[in-house]
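Trainee: Protein sequences, first through last, are from chains A and B.
Per the numbering used here, the first sequence runs over residues -1 to 173.
Per the numbering used here, the second sequence runs over residues 12 to 592.
Since the hints were derived computationally from the structure, they do not count as laboratory data.
Honestly, I wouldn't trust all of these hints.
[As the list claims (entries may be wrong)] Straight-line alpha carbon distances no greater than 16 Å define the calculated EDC-like cross-link-like pairs of lysine to aspartate or glutamate that follow:
hint : chain 1 : residue 1 : chain 2 : residue 2
1    : A       : LYS77     : A       : GLU117
2    : A       : LYS51     : A       : GLU10
3    : A       : LYS107    : B       : ASP287
4    : A       : LYS48     : A       : GLU10
5    : A       : LYS107    : B       : GLU290
6    : B       : LYS411    : B       : ASP368
[To be verified] Label-pair ranges, simulated between beta-carbon atoms:
hint : chain 1 : residue 1 : chain 2 : residue 2 : range
7    : B       : ALA132    : A       : PRO106    : 52 to 62 Å
8    : B       : LYS411    : A       : LYS48     : 52 to 62 Å
9    : A       : SER8      : B       : SER96     : 27 to 37 Å
10   : B       : ARG152    : A       : PRO106    : 37 to 47 Å
Each residue gets a CB set at the ideal place from its N, CA and C atoms; glycine is no exception.
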Amino acid sequence: MDRAAVPSMSREQTLSGWIEAYSDAILKTCYLYLADRGQAEDATQETWVKAWKHMDDFEHESIANEKAWLLRIAINTCKDIRRGGWFQHIDRRQAIEELPPQLTAVEPKDLSLTQAVMELPGRYKQVILLYYFQGLTMQETADTLGAVQSTVQRRLKKAEALLRTSLTGGAAYEK
Amino acid sequence: MKNEVMARQVRQSLNATLSGLSTTPWQRDRFYLNATGGYKVKKRIPLGLILVIALLLTCATALAAALLGPREVVEQMAVPMAQSSKQENYTHEELEQLITTLNENGITLDEGSRIMQAFRAGHGYWEQDTIREICFAAFGRDERAWSIDQQHWYAEMMVEIGAWGRNIYLLPEGEDMTVPQARARAAEALRQAYGVELPAESNDQWQIWESYILGWTPDANASREDRARWGFTYINRRTGNDDYSVSFDVRGGQIDLWRAQYLERIDTRSIDAVLDDLERREGVLTQWRVETWAEFGGLIQNLPASTRSAWLYQHAGYRLPPEGALSPEQALAAARREMGFADFGGWIEENAICCTDGDRPIYKVAQRVFYDAADVERRAVYDVFWVLELDCATGEVLQKRQYSYLPEGDVYDPDRDIMMSYVPFSLLERAPQYENRQSALSLEQSALFRYEQEPGAIEKYGEVMYFWPQEVLDEVYGGVYAHPTQAEYDRAMEIATSALYEKYGADALTRLGDWQVGLLHRRIDDTRENNRVQLDWDFMFTTDPDYLSDGYRVQIIQMVYADGHEEIVELTVEHANMGNG
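So here's chain B without its partners, still in its complex pose:
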């Protein structure tokens, strides 16, 4: 019999993570036609040209002598090679010819890139990615920083080899603004809106990403003039947390204006909120530096502790190592020596936290063998980890404890204590008991996830689960998607439509025509930790519930607290057919 808890968990997580990964009707059509020999999507070129290319390839030195730039190598060699092949990857020999020609013309591909790794291992590589890698070498690895001209040319090459259906990257033409005019327009719009002075070109302080593309409009037959969109984003390289963005149409009419200032301050309303914000800023707490732990300790000092873990964090006395103490690196090295890992060749996951045990500053070091270099087939089960406490000043190992990863029964065990890695051992015994409140909608309570019923539901209700009846979602997904109350739904719709109108205009839905709204809703009970419920709303407004070829998607993450007040943590509004271009 299956381990149903594990099976459910695997299906649920993989399906959630991969929910955006699906085949389009067009792709399935292509699968069929390719399989049955119907057609090949790749562009074909006349036989005569193939012969010319063959001649060129046998005379690679002729190309080298001409001192070609990367564009010429792509245009004269990489693209014709791709067009002449039925496959979508270059053979190793073709790759060798390309790389040789590039090198002879002074262009070097990144040795760490996948293409070079494939080449060094004697393999070929995908045409599309190979050309992209050449462009990285020529224009820089950050595609967003490519010029309008580079973006257009690259897209043109992708169309030429059949990788892309069309080129949506435009070049200014006719009455269009020139690139300098558009840059000036962007800087002026942001100056007026935010009072910020932005340069015309990237400099030490500002990185500019610019684009000129055919944007999406509800009217599929809209003209180039109606669809052309300029986009400019300015990234503040110095602060790293101050970005501006503006987009406007071909006539200069403003479409969107945006400013992001990330985490100007940490939300200090609760210990968990502080933890969340610091994790957003610094990454998961297992990776925090001692400075972050010290900041955390300071921020939560006077906040109410409503859970055991919150109390423990609050009383751990996080601090910077005192003067003359071991550095965190030295503490880790001391712990490795203690555990016999001083010369270990594999990968040890470890972190050091400086906190206070009584009056004594100590390092908490957690160590886990993640991968042993000698264990090439990963036969060992690395099911233990160690937590050590060291005197900050001397490095003396005060305590050393071993723990098992494997709680009996389930992958997830919400009650398993993991605090031993983060607070002094002595504190664990002193922590007060907190009420163990049951989650209102735990996975344990929900029915088992009956994935095998999904094909039947798809057959009956279509592939787009946004429009499945709630009871079908219940039946297939066993309670993963929740039933909102009418009041909750009305409030969420109010938030969603307001955001939609704000971004796309008050007539956004009217313009769509005969639209419908679909919803996926999840409820995550967080009363135990934070005395709140998280409501996730994923609305789909569209006239095409079968394929979502038009319309809007609005996602909301809403926190509702026990006292009734709400907080909108995330709100995104986008076109529904983003995935389909």
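Next up, chain A with everything else stripped away, as it sits in the complex:
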């Protein structure tokens, strides 16, 4: 899906390829950010509208990885959506329960960890989603967030600590 490697691809072909390749990754990231399936789907749609509109900018961006570029759009879209204070009241446990049936076996610890990630404050959740979940490099994560690497490192460290606190503190799933 490297557009530079296939210069003859039209904008439509590029977008279509991106949609096929990255829609699920974007939808899941948006869902984890927004904790609402409907809004995550809307954010995914909005991401593609913006990507289409600004596709020509991508080549001039400092960001090298198209996935990172798209995730930056997605995360910024999510930030816009959840700007209102009412968003704090979403019941994330309920949000997980309302997901479509899983295709894989899910253990209690998976649910706990997912919920813990969803409950992280935004700036920590972003680094966990990009760096750990989506597998971006440290530099790509920094580019995506418009931050320097040291900031990302600091946030990661803090995010890990928060996750550990959340997961091991309750000890609800351990016997």
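Based on the hints, put chain B in the right spot on chain A.
Mentor: Structure of chain B alone, referenced to chain A:
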């Protein structure tokens, strides 16, 4: 370098939890068309009608004067507003007009609902959810308890605004049974099967959920008559654990009959089984009341303790507080006072357990600051918790210990002792040593989860991982999915097909035609705690391995014990394309 253990754990858990969340080809098509300006899914209405609506909106008082019911407000205002907009959400102004009209007609939306919170915060809200909220106000918050007519009408409105593609909620017509006839048929079927007398309508004892829908059939071109399904579920409000369900086709032919009696008894074969069942009934043990702990203590008294934690539970002497003792609430308050949290404004997670230290009844109180109201940005790291022991009778604090949450190295540390919260401190030192058996397939032993390889596998083998070769699953997921033995597989297939035939008929697979079977299999070694292995089987029988548009999914959770006997803990059979409607 990445903390690979953390990265793997995050990916694995998030992917497992979100595995059902994916885009459909139809959605991706829509993403593309919407992005490029191809089309908008929402229904359009003629310009003339938009003008009429605009006129109506500017004359909201005219609507108010007519004393509209919720249906009229939705039909005459909410739906046309939605149809006239390219967006899928009402603006704040539109929402204000709607809410004003509703209020003027005596309809009040729940102030705690998301829509009202959004409105009060100056936002708009999604059209679909707004109409749903109006219906909640009108018909009740439990959609399952809506009448056949209400369900049909609501679905019709969803179709009108373009949120749903079609209305599968039917109304009886022509030769169909009427609703009263169908209710009588349902009650009779359950009376014959279970000898239970059920009412025609919901009452103090029975809550009835009824539905009349276009069901799924393998034949996409099946007629309405072939697809129409009545469904009735009766929930026993008094016992809360005795439900009946029946479904039948338009001719009254029975399709499914079901009875659920939840946890009639606790499985007392092992301490862990008791713990599992009580957690299923009461929630996680950190939330148990002292009564549940006392019941737990009684049930496990004479069971073999094969692990250290089991031994500790067994010897903790869980009991009810003796007469004249502090209540659990008073014990928690005493602990808060001791820790300086008496006037704490944040959220403290805490629980109190009554147990016995020697001959002395004590409260174990575990406290953790979950959230400090003053710490709005959550800058603090709440990495400690406290466990106190109090005399049951006097509330005197006998011991107070502080613990750290953060084991070095990993998020999960199976050997970390968490029993200090649940048993007397004195017992911890006395507990015998148990052999620390290594898990046969621990995550530590499995290869690292190489998520970045997944796109390549999808490209090569398709999105439906049920049909990926095992070695590809291994490569991509690093051992998360296990290799069953031939004997294990044969046995699981036998269970799966039997269940499938039982639910959908002996010709269920024959009817499918040229079907294939895909499998995701996990093996969870539980020998250490329970001397058993948990085998999870997720079979997919379908003729369409690309999109799973037909067929059946069978999920089995099977426990296999060291002595060879097996136990089927869960067995679900469903249509494969549930997610696609």
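Trainee: Output the indices of the hints that this structure fails to meet, ascending.
Mentor: Violated hints (numbers, rising): 7, 10; every other hint is consistent with the structure.
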